[in-house]
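Keeping their order, the protein sequence lines are chains B and A. Per the UniProt record's numbering, residue 1 is the first one in the first sequence, and the count goes up by one each step. Per the UniProt record's numbering, residue 1 is the first one in the second sequence, and the count goes up by one each step.
Simulated from the structure, these hints should not be mistaken for lab results. Some clues are possibly wrong.
Facing chain B, according to a computed beta carbon distance under 8 angstroms, are these residues of chain A, among others [stated by the list, open to error]: (1) Glu383; (2) Val387; (3) His388.
Just so it is clear, CB atoms sit at the ideal spot from N, CA and C, and this is done for glycine as well.
Here is how the chains run, residue by residue.
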Amino acid sequence: MSPLNKRRWRNFRNNRRAFYSLVIFTVLFVLSLFAEFFANDKPILVNYRGDYYTPVFNFYPETQFGGDFKTEAIYRDDEVKCLIISGGVIDCFDAPVEIMSEIENGTFSDPDFEKGWMIWPVIPYSYDTPNTLDGPAPSAPDANHWLGTDEGTRDVLARTIYGFRLSILFTIAVVSVASAIGIIAGAVQGFFGGWLDLTFQRVLEIWGAAPSLYVIIIMFAIFGRSIGMLIFLVILFGWPALVGLVRAEFLRARNFEYVRAAQALGVSNWTIMFRHMLPNAMIATLTMMPFIITGTIGGLATLDFLGYGLPASAPSLGEMTLQAKRNLFAPWLAFTNFFTFAIMLSLLVFIFEGVRDAFDPRKTFA
Amino acid sequence: MSVLSVENLRVSFQQDGKSALAVRGVSFAVGKGETVALVGESGSGKSVTALSTVNLLGRNAHIEGSVTYNGQQMVGADEKALRKVRGNDISFIFQEPMTSLNPLHTLEKQLTESIELHQGLRGVAARARVVELLERVGIHDAESRLSSYPHQLSGGQRQRVMIAMALANGPELLIADEPTTALDVTIQAQVLELLAELKRDLGMSMLFITHDLSIVRKFADRVCVMKDGEIVEHGLTADIFDAPRHPYTQTLLSAESVGVPDPVPADAPVVATTDNLKIWFPIERGLLRRTVGHVKAVNAATLSVRAGETVGIVGESGSGKTTLALAMMRLIKSEGRIAILGREISKLQKRQLRALRRDMQIVFQDPYGSLSPRMSVEQIIAEGLGVHGVEAGRNKRDMVAEIMTEVGLDPATMDRYPHEFSGGQRQRIAIARAMILRPKLVILDEPTSALDMTVQVQIVELLRGLQAKYGLAYIFISHDLKVVRALSHQVMVMKRGDVVEAGPRDQIFDDPQSEYTKALMAAAFDLEAAAGAGV
Numbered sequence: 001m002s003p004l005n006k007r008r009w010r011n012f013r014n015n016r017r018a019f020y021s022l023v024i025f026t027v028l029f030v031l032s033l034f035a036e037f038f039a040n041d042k043p044i045l046v047n048y049r050g051d052y053y054t055p056v057f058n059f060y061p062e063t064q065f066g067g068d069f070k071t072e073a074i075y076r077d078d079e080v081k082c083l084i085i086s087g088g089v090i091d092c093f094d095a096p097v098e099i100m101s102e103i104e105n106g107t108f109s110d111p112d113f114e115k116g117w118m119i120w121p122v123i124p125y126s127y128d129t130p131n132t133l134d135g136p137a138p139s140a141p142d143a144n145h146w147l148g149t150d151e152g153t154r155d156v157l158a159r160t161i162y163g164f165r166l167s168i169l170f171t172i173a174v175v176s177v178a179s180a181i182g183i184i185a186g187a188v189q190g191f192f193g194g195w196l197d198l199t200f201q202r203v204l205e206i207w208g209a210a211p212s213l214y215v216i217i218i219m220f221a222i223f224g225r226s227i228g229m230l231i232f233l234v235i236l237f238g239w240p241a242l243v244g245l246v247r248a249e250f251l252r253a254r255n256f257e258y259v260r261a262a263q264a265l266g267v268s269n270w271t272i273m274f275r276h277m278l279p280n281a282m283i284a285t286l287t288m289m290p291f292i293i294t295g296t297i298g299g300l301a302t303l304d305f306l307g308y309g310l311p312a313s314a315p316s317l318g319e320m321t322l323q324a325k326r327n328l329f330a331p332w333l334a335f336t337n338f339f340t341f342a343i344m345l346s347l348l349v350f351i352f353e354g355v356r357d358a359f360d361p362r363k364t365f366a
Numbered sequence: 001m002s003v004l005s006v007e008n009l010r011v012s013f014q015q016d017g018k019s020a021l022a023v024r025g026v027s028f029a030v031g032k033g034e035t036v037a038l039v040g041e042s043g044s045g046k047s048v049t050a051l052s053t054v055n056l057l058g059r060n061a062h063i064e065g066s067v068t069y070n071g072q073q074m075v076g077a078d079e080k081a082l083r084k085v086r087g088n089d090i091s092f093i094f095q096e097p098m099t100s101l102n103p104l105h106t107l108e109k110q111l112t113e114s115i116e117l118h119q120g121l122r123g124v125a126a127r128a129r130v131v132e133l134l135e136r137v138g139i140h141d142a143e144s145r146l147s148s149y150p151h152q153l154s155g156g157q158r159q160r161v162m163i164a165m166a167l168a169n170g171p172e173l174l175i176a177d178e179p180t181t182a183l184d185v186t187i188q189a190q191v192l193e194l195l196a197e198l199k200r201d202l203g204m205s206m207l208f209i210t211h212d213l214s215i216v217r218k219f220a221d222r223v224c225v226m227k228d229g230e231i232v233e234h235g236l237t238a239d240i241f242d243a244p245r246h247p248y249t250q251t252l253l254s255a256e257s258v259g260v261p262d263p264v265p266a267d268a269p270v271v272a273t274t275d276n277l278k279i280w281f282p283i284e285r286g287l288l289r290r291t292v293g294h295v296k297a298v299n300a301a302t303l304s305v306r307a308g309e310t311v312g313i314v315g316e317s318g319s320g321k322t323t324l325a326l327a328m329m330r331l332i333k334s335e336g337r338i339a340i341l342g343r344e345i346s347k348l349q350k351r352q353l354r355a356l357r358r359d360m361q362i363v364f365q366d367p368y369g370s371l372s373p374r375m376s377v378e379q380i381i382a383e384g385l386g387v388h389g390v391e392a393g394r395n396k397r398d399m400v401a402e403i404m405t406e407v408g409l410d411p412a413t414m415d416r417y418p419h420e421f422s423g424g425q426r427q428r429i430a431i432a433r434a435m436i437l438r439p440k441l442v443i444l445d446e447p448t449s450a451l452d453m454t455v456q457v458q459i460v461e462l463l464r465g466l467q468a469k470y471g472l473a474y475i476f477i478s479h480d481l482k483v484v485r486a487l488s489h490q491v492m493v494m495k496r497g498d499v500v501e502a503g504p505r506d507q508i509f510d511d512p513q514s515e516y517t518k519a520l521m522a523a524a525f526d527l528e529a530a531a532g533a534g535v
């Protein structure tokens, strides 16, 4: 790491709020990347008649465990549970619950019996698992569903974890691509200036005036909803965010003496832009980043809330907010959403505040 | 009794948890009606000392010791007491008049602000006082100037306005922090004269901070020489100049670029010529961008430089010196013939020019601005090699190491970043970057102006040595006539885009023909305002 970056890292670490925010956020995000291992309706590991199976990764038909169907085993069904634990005893189709309790008590005996086991994730529901409830949905938090269930009887905690992951991944995809396009476009405009710049500015003005919401509705109507399409459309209308900023930085930097010096050496335009000028623009870009990131997360939630966002099956925080609005008698929905957004956005803002300060050469930390 | 008395002042700055001592135990006093000069090179702590007297430093500064103004302790005094003294009893003039004035306020507004605050004058009375002040500092037709904005004034006028602001409340002590450094020589002389006159008439005391010893000699009663945060020598001006005791003072006093350039061999080939070079920037108006006029940056500049020869271009700011240099490098558009090594380059395309760039290089004024802060020294110096290729059988790092040794840098430092080097070292890096391509022509655009005197001398020596060794042709641009005299064979004097006078060095310096050249020489070598030069 260069001395400059070392200094920045030191400054960042000295900013305790930013540093701990980064630690917490990283832990949450990395955990959510492995959400399948602790919020899933499939066991992590199955031992059936001495063989090991990993349903999290692989598809196993029910027939694998002595069942009838060639479709994927539904591990949450009592019959399937019984078959796995008992090693495929036929009686499981008739009285699974009794057999399981007998096995637990050690009183069960059958010639085919061979004890098996399953390791379940901490939260044995995925974001789209429908549950059988005692009362009407949404149900309040209890020992089974720690944050209750939503309108569709799905576990709120599982949906939150997957929704968090989806929000962040969506944001990373959108922001990285949109920023890259925006930076390159701004760089070209600022560096060359003149007619190219003027023409492009007019194009941007027209582009910025396009009603993106209508375009999203129309495109979804034609091509159907999908996450890929949504990412594409949000990037399509999101990339000009950085253009003005980078353009201004480049307009300023092209008169710097070291840029002149590089021109005098005969260095090519692209090299000058990326080696000499882009590092200057990076600081202004970083300053804008927290706003762009929180804006993208909020934008996704807004689209979902309005019903124009992700497909209905996807775990979406915005869709859950809509449910919270529809079910004001179920405050666990609203509270979960509120705290998820508040914590996620605050952590991101704190982190980028720290990053920005660390890049500021005048800022000192006594 | 002294007006300002500083005893054992220590100032330290906190950064990254470390504390850096900038001023280490400084003591001096300014008596009534006396001018004391703080002299030293950049980084010696002279400005910090001045600013700490009324606590104008940032929050990360820690001040110890004692500063008394008329018996009143300033160190540790509360904001309210300090504010009463600042701008009222103790006034400041700063170096850069453009950035010290608010660009969005008219002169009237800038000046009235402080008068209203400290004297309680309002409306017509305040306005009358402003006009009086502006006339006092020599702004003609002050009444009509009241509604001007800072950018409508020249550098000298802006500094006069700054002085008027400082005088507004009849201060007892004026602290002038390099008040003339950013000004051209002729204007510098006028501003200094004004300050001296005001001091005499108003009976002020003055603390004068500068790195320029020739000003001190004319101007100060007593001198304190600062080095690394300490006063190494102080005494009456005459004593210090006649018999400096401390070795550092002796170096400072002898730091002047002297000597004559080596003669050019008679058969030296011509490296570069320009013929009636004209650089006009069009002023475009309206929707269709019609050209309604031109900013005439350079009119008809003709020059020729041979191998081993230096052509000095002198002139005040705005005279078109740098524009001419950039046009010769083909970095901006121009009209007229430019030939490098006998080859016409003014019509060449960018691609064809690239190969020629090896032979012509430029070194810029500001060693802080001309090096990319995010590249290591090796990357900076080797950048040209990336374009023009490494010599056959050579390694890039070896070539960088060789050129670094040649310009007087330690090759072991090549992986460091520019900010770890001093101003003089940075200028050596910039010279190395130009020299690694072994050019025939080097354009030096004020290469010594941003440097301290002692460092200037070293850079001039280095340039002279390189010229002798490789037979380089230099075009040397400077407003500092002493350096030009030490380096140039030919001299060209420019004023507002026109070449006023050109000829061999001795002729220009010893027997200037035009009025303008005479005024320049007088200002540079005698520091006396030439009548009629006009601000």
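Hint by hint, here is what the structure shows:
This hint holds: Glu383(A) has a C-beta 6 angstroms from the nearest C-beta of chain B, less than the 8 angstroms allowed. At a threshold of 8 angstroms, the smallest CB-CB gap from Val387(A) to chain B is about 5 angstroms, leaving the interface hint in force. Nearest Cβ of chain B to the Cβ of His388(A): about 7 angstroms, under the 8 angstroms cut. The hint holds.
The structure agrees with every numbered hint stated previously.
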